[in-house]
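Number of protein chains: 4
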Amino acid sequence: MFTATSPLPDLESGDIVIDALLGTGISRPLSGLFDSIAKHINNSKALVIALDTPSGLQTDSSTDSNNTIIKAAYTLTFECPKLAFLFPENEDYVGNWVLLPIGISQSCIDVLVSDNIYLTKDLVRKIVKRRKKFSHKGTFGHALLIAGSKGKMGAAVLSGKACLKTGAGLLTVHAPSCGYAIMQISLPEAMVQCDLQNNFFSGLDTRQIPKEKVVGIGPGLGMATETQQALKTLIQNIRKPLILDADALNILAENKTWLSFLPENSILTPHPKEFERLAGITSNSFERKKLLTEFAVKYKVYIVLKGAHTIVATPEGRCFFNASGNAGMAKGGCGDVLTGMLLGLMAQGYTPMEVCLLGVYLHGSSGDWALKKSSLQSLMPSDCIESIAEAYKDLEAL
Amino acid sequence: MFTATSPLPDLESGDIVIDALLGTGISRPLSGLFDSIAKHINNSKALVIALDTPSGLQTDSSTDSNNTIIKAAYTLTFECPKLAFLFPENEDYVGNWVLLPIGISQSCIDVLVSDNIYLTKDLVRKIVKRRKKFSHKGTFGHALLIAGSKGKMGAAVLSGKACLKTGAGLLTVHAPSCGYAIMQISLPEAMVQCDLQNNFFSGLDTRQIPKEKVVGIGPGLGMATETQQALKTLIQNIRKPLILDADALNILAENKTWLSFLPENSILTPHPKEFERLAGITSNSFERKKLLTEFAVKYKVYIVLKGAHTIVATPEGRCFFNASGNAGMAKGGCGDVLTGMLLGLMAQGYTPMEVCLLGVYLHGSSGDWALKKSSLQSLMPSDCIESIAEAYKDLEAL
Amino acid sequence: MFTATSPLPDLESGDIVIDALLGTGISRPLSGLFDSIAKHINNSKALVIALDTPSGLQTDSSTDSNNTIIKAAYTLTFECPKLAFLFPENEDYVGNWVLLPIGISQSCIDVLVSDNIYLTKDLVRKIVKRRKKFSHKGTFGHALLIAGSKGKMGAAVLSGKACLKTGAGLLTVHAPSCGYAIMQISLPEAMVQCDLQNNFFSGLDTRQIPKEKVVGIGPGLGMATETQQALKTLIQNIRKPLILDADALNILAENKTWLSFLPENSILTPHPKEFERLAGITSNSFERKKLLTEFAVKYKVYIVLKGAHTIVATPEGRCFFNASGNAGMAKGGCGDVLTGMLLGLMAQGYTPMEVCLLGVYLHGSSGDWALKKSSLQSLMPSDCIESIAEAYKDLEAL
Amino acid sequence: MFTATSPLPDLESGDIVIDALLGTGISRPLSGLFDSIAKHINNSKALVIALDTPSGLQTDSSTDSNNTIIKAAYTLTFECPKLAFLFPENEDYVGNWVLLPIGISQSCIDVLVSDNIYLTKDLVRKIVKRRKKFSHKGTFGHALLIAGSKGKMGAAVLSGKACLKTGAGLLTVHAPSCGYAIMQISLPEAMVQCDLQNNFFSGLDTRQIPKEKVVGIGPGLGMATETQQALKTLIQNIRKPLILDADALNILAENKTWLSFLPENSILTPHPKEFERLAGITSNSFERKKLLTEFAVKYKVYIVLKGAHTIVATPEGRCFFNASGNAGMAKGGCGDVLTGMLLGLMAQGYTPMEVCLLGVYLHGSSGDWALKKSSLQSLMPSDCIESIAEAYKDLEAL
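Residue numbers (the numbering used here), protein chains in the order written: chain A, 1 to 398; chain B, 399 to 796; chain C, 797 to 1194; chain D, 1195 to 1592.
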C-alpha cells in the first residue's frame, strides 16, 4: 500500500495505489512534490483507486488539461457524484465511479449544488401515476407524431412504437405517403395520416389538431424547404407545448428567429451536435452546461441534451443529470425512441417537467433492462422499446 | 379501532377505520351524526376499509353526489359485487373491492338481482367446446371480416389475428386495396379480398357470402358515403347474425332507421361514446344500463358495452358484467381485438349468446395473462392476442 | 364391475363399464341379448372402457350404422391401432384409444395388415440423414416453390418458410408480381422470381429450372385459365417428381387427362374434398382408402391424404397412417406448411417415399410441439413452423 | 484391443480399434502388411479411433486417394488440428476430431506451421474493444451497405441487420427502389438511399460517401451491366478498404483487370465457387489454399474463403482457419450475414485484419449459439443474427 507521504517506490502491474487526495485541498492544481507523485503514479501500470475525487481534478469547473490529474481506474465517492464525473472529458481520470452511502439522510438532490440534480430511481418513482381501473383509452390521451421522410421512415416506426409502449391511449402518425404501408405494417396499433407529399412533411391543417392532442415532431423528418415552412406554421399556430427532435431542431438551427415562437414549456431533445447548431460552440462540458441552462431559461423550454448522462435543463434554470442508461444505446434510433416515450407521457397528462424527468430516466432504464438480454454491441433501439414494461415495473416495485 | 358509536377521535395517517355501515340500513342517505362521522372520516388520512358497502352508497341505483358517502380504500363484500361497485362513478367510494366467500352455495348468478349477472370463470368455462380429434378446418368455420380504410388498416390486422387465434378455421378479410399488402404481410394465415376502392369499403357482392360464412364488420372502417351505403346493402341482404363494431356503429348512429333491419341476434360492440351516439345520452351508469337493456330488447340484438366491467346486454333483457380484464387494455386497438375474437367464436358455431359471454371473458382474460409479461402502461393489443392461448388453457384447466 | 353374463343392472353416472367384447367374435354385428346389453350401456351415463375393440365395431371394414355399437369413452387396444380407429366415422365408438404394449417385439408395421402401416416415431427416425460437417448450402439443394395469387400470398409465405426451416439449402419462390414485396419482407432468406402477371401464375420458362432444382406447386395458386395452362406446360416438360398441392390439385381435377403426364413418383397432397374432386366420391373411409390406393398405383404417385391421421398412399399400394398431429392443426395454412416441408426434404435429396413419411410425421410432430406453448384453438400454422426444430431434435434424440 | 503387431483378428460391430499409426512414420503412404491391416480395418464394422492422425493420411499435403487411409470415426489429436483435418476431402478419414491438451504452453498459433493458424476463442477475445461509457453513435461509425436487387432484397435485409447487431453506430443501405419499403419495414434502424433504378444498383455519387463512412457491397446485388459499371466506378474512386461479397465478386471475376484497382486491405468474402471464378480451378484443398494465399498477397487484400473452417488469407501470406460454426449454417443467407458483420466491425474502427479474424469467429459462434435453440436443419440466418449478442458475451466472459 502506498500513500502520498512515503518515498516514491517502484510501481508494477498488480500493485494497487489508493489516491486519497494529493495536496491540501480539493480542486486545486497539483504542484511540486504532489505533481511529481501524480506523474509517477500515472506512468506506472498500478491499479489506481481514488477516494472522493482523483487528485488534481476540479470537480465543479473545467480542469486545465496541462495540469497533472490522477488517472484512476475506480473512484469511490460519497452519496452523490461530483459534477465533473458526469462529463466525458473526465472519463480517463475518474474511471468507473462508485457511490458509497455515508448515512447522509437527505437525498442527492440536496447534496449536489442546488441546481445540479442527479436523477435517480428514488426521485423518479414518485412521478409515476397509478393507472385507475375505470380508465379508458381517452384517459391516456391522443398523441400526434409528425415524423419520417423518404429513407428515414424507420425513425417514425421506432418513435411511434415507443409512444404507445409508454402508455399513450391513441396514436396518429402523420407521415409522407411513402411511409404509409411501412407504418401500418410495422405498427398496427397506430393510425396513419398521409401527407400530401410523397417524400416529406409538407404541412398539416392545424384545425386537424383538436385541443386534446399532444404533438411531437422531428424523428427522420428531413429538411426539405416545404418541411421547414410547415414546421414554422405549426409552431405559430399551436398553443400547447410541443416536443421537438432531430431535424425539427436542425430546421430551428437554420431559422433561429423562430425559437421565440415556440410554445412555452416545449421540450427540445438535441444531441450535442444538434445543440451546438442551435446554441453555438462551447469549449468544454461546463461551459456547455451553462449555455444549456441559459438557453432553457431564455426560451422558456426544456432541453434534453442526450449523452451518457442525459441532462434535462429546465426553464427555471435547473439541470438534472440522468443516472440510467448505457453505452449500448449509442446507436442510430435510440433518440427516436426517447422522443416517442416523451410524447407518450405527455399524452397521459404528465406536466412537461414530469415528462422530461420520468421519460429520460425510463428511457435509460429500458436500455439497461434490454442489455440484460443483449450485449453492448448488439443492443438495438427496438430492444429498448421491448423493455419499457420492465423499466416501469422496476419503478413501481417497492 | 374506531366504530360509529365512539366519540370522534383524532384520525391520523396510519390509523385504520372499519366502516361497518353507518345508520340503520343499507342504501339510505346519511344524516345527522352519521353524516358528521362520515365527513370526519373522509377528511382524515386514515385507511378506510368498508364492510359490505361504504356507508351512504346506494347499491342498486345512482347516489346523489351531494350526499355524504364514505370513501373507502378497500371494500370487503360477500359472494358477489353490488351493482354500484361495477360503475366508474363509484370508484372513489368503493376503492378496491374484494369478494369474500360466505358459504352460499349458489353462484353469483342467483345472488345478484336476477337480471344482473357477474360473468366469472366458473360461468364461462362451461361454454367452451371440446375440439374433437377428427375435426378439420371446415369444422371451425369460415369468417369474413370487413375492416380497414386508408390509415386505419391496423384495426383490420389486429382484428383478423384475434379471429384466427380464437379458433376460426378460415378467415377472409375484405379490405380496400390500400390494405392489400399490409394484410398479407401481417397475417399470412388470412386470405384477402380487395374492395374495388383503394381507400375504403364500398361494397360486397352479397352472393360472395356463402351460407356457411359468418360476418363481422367495423374495425377501422371509416365513414365514407360509399361505405355507409355498402353497410346498408349488407344489412338488408344478410340473413345471419352480424357482428358490428366501431365505425359500423357510428354509421348506424347516423342512420338510426337502419337499426330495424339488423338480423336478429346480431352483436353490437360499442364503447360508451359510441353507445351514446346510437342510443342517446344518460346521466349516470344506472340509467345507461337501463337504456342498454331496452335497446337490446327492442332491436333483438346483443350489445357489448365495453368498459372496465364490459356489459353484455341480451335480447331477453339480462345484463352480464365481465369480471376479467385490466386498465392496461385502455389503448386503441383493444376493441378491434374483441371484435375479432367474437367473430372467431361465431365461426366455430357458438350461439350469439355464447359468443358474447365467452368472447368478452376470454378477451379480458387474455389481457390479464398478457399483463403478467408487461406493465399496465406498456400492454399492447398485440400482446393480448398472443395470450389468447393462455386464456383458453386457464378456462380448460380443472 | 359389470360383464355380459350378469343381469342388466341400473347404470348411473359415475359407474364404470368394461366392455370386453360382447358376442363370440370380433367384428360381427351384435344381436339378441348382446344387442340389448349394448343398447342398455349406450343409453346410460356410465363411463365405458372398451378392451381391444368396442363391441359391434367392424375393425377392417365399414360398420353398418344401423347396427348397435358400443360407444366407449376409452378403448384400450394392444400394440397397434385397428384400422377402424383411424377413421373419423368411428370416433364416437372408439373414443380416446390407448395403445398397450404386450411384449410383441416386432413393430407395428408387421402387426397391422401388411399394407396398412402405422407411422410412428420409431419408423421415421431411421430416415433422418445426419448433416455432415463439411456440407454447404448446395449440399441441401435448391427448391423452387410456385405459389400464391392475389389475396392468397400468405400461403406462399407459410410454405416457403416451412421449406427453409425443414432444411433446404436455397429457396426461390416464383410468385405473381403482387406478391413481390410480401415475400421479400416476410421471408428474407428466400429469393423471389416475379411472374409476368400481377395477380396469378402464368408460366415459367422451364429452361429456368436447372436439373438440380426440385419443384413444388400449388399453395394459394388460384385457378385462372392462364394458371391452368401454365401448370399443364410445367407437367409436360419437367422430368423430376413434382409436389402438387391445393389449387394445383383442383386444376388437375378439372383436367383429369393431365394426370397421366405427371412425372412418376410425384407427390400429391389433397385434403378429403380435393381428393374427392380428383378421384370421385366414396361412401365411407374404407372405400376411400381403397380408392386412394388404386389412384396412387394407377398414376404411380404418392398421395398424402390430409386428416387427423394423414394417410400416405404409395405407388406400390401401401398405406401409412400418421401417428402425430392434433386438432389444433385444423386451420387454414397448415396444409401449406406441409407442402413446404415436403419440398424442403426433397431438396435435401430424400427419396419421394422418404419425403412423404418423414415429412408427414415431422409436420404433425411440429404441431404437437407447438401445442405445448399454445392451445388447440389458438395454434397457428406459423407456430408449427417455429417448432420444426423441436420436432427434428425429438426424432434425433435417443 | 488390437494393435498392428497382432495377427488380424475378426472384427465385428461393437469392437473398437485404436489406430496408433501404422508404419514407421507420419504422412507416408501405407504399404505391405500395414496396407493390408488398414484395408482389413476399413472393411470391418468396428469403431475406429485414430490417435494423432489416421494412418496413411498426409497431414500437410494432399493424399493420393488411391492409397489406403484408415477411416476413423474419431481422431484424438494433440493441442492443434493438423492442416488436413480442416479440409472436406478428409472428413471420411478423420471423422470427428477432438483436441487433447498435452501441456504445451504456447497456443496453437505457434504449434501449427507458422503461417497456418487455428482461429480460436483465445486468439479472438483479445481483439474485442471495450465500449466506453461516454461513447455516442458517432463513435461507432457510419456504414454504407450497397446491396439487393429485384428478387434478392432479403440479402440486403439480413446483411444490414447483422451490421447493426454487430455494433455499427449508423447504417445507410443503398438499394434499388424496389427494395425501399422492404428495407424500411424489415429494419427500421437503418436509413435507406434509393438508387435511380428500380431493379438494380446503377451507381452512387461517390461524393455521397463522406470520409468517415465504410462501405460494403455485394449481397443480392445481381450482375446487370449498369451494376458492373457502377462497381467499377466505385472501386476506382474510393480510397478506403472495401468489403466485397457475392455478386460483387462475380462481377470482378468477369472483369479480372479491375482487381488491381481494389483499395489495399479490402476484404473479399467468396465461397469456394466464387473463389474459383475469381482465381481459377484447383484440384484439392491444399492447392486451393496455396492459390488463396498467392491471391491475397498479389492483390494486397484479405480473402475470407467461406466453408466449414472458413479461411482468412492475409496480404502477408498467412492463413487463419476458423474454429467456430456448424453445418446448420449451410443455408442461403448466412454469407450475407457475415458480410454485414464484417462491415459492422469495420465501422467501429477495427483494422481490416481485426475485422476478418473477429468477424469470422463471431459469425461462426453466433451460429453455434443459435443452434442451441434450433436444429441443424432448421437453423436460419436470422437466428444467427439474433445470437450475435450471445457470441459477444461469450467472448467477453472470463
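Calculated from the structure, these hints are not laboratory results. Errors might be hidden in some of the hints.
[As the list claims (entries may be wrong)] Each computed DMTMM-like pair below joins lysine to aspartate or glutamate, with the alpha-carbon atoms no more than 20 Å apart: (1) A:Lys137 - B:Glu674; (2) C:Lys1086 - C:Asp831; (3) D:Lys1326 - A:Glu91; (4) A:Lys137 - B:Asp766; (5) C:Lys928 - D:Glu1406; (6) B:Lys527 - C:Asp888; (7) B:Lys771 - A:Asp368.
Since the model is a prediction, treat every value here as computed from it, not as a measurement.
How the hints compare with the structure:
For the hint pairing Lys137 (chain A) with Glu674 (chain B), the CA-to-CA distance comes to about 16 Å; that is within 20 Å, so the pair holds. Taking the CA atoms of Lys1086 (chain C) and Asp831 (chain C), the gap is near 30 Å; set against the 20 Å cutoff, the hint is violated. Taking the CA atoms of Lys1326 (chain D) and Glu91 (chain A), the gap is near 9 Å; set against the 20 Å cutoff, the hint holds. Our distance criterion of 20 Å between C-alpha atoms is met by Lys137 (chain A) and Asp766 (chain B), whose separation comes to about 17 Å.
Of the pairs offered as hints, the one joining Lys928 (chain C) and Glu1406 (chain D) is violated, with about 43 Å between alpha carbons and a cut-off of 20 Å exceeded. With a C-alpha separation of about 16 Å, the suggested pair Lys527 (chain B) and Asp888 (chain C) falls inside the 20 Å cut-off, and the hint holds. Taking the CA atoms of Lys771 (chain B) and Asp368 (chain A), the gap is about 17 Å. The hint holds against a cut of 20 Å.
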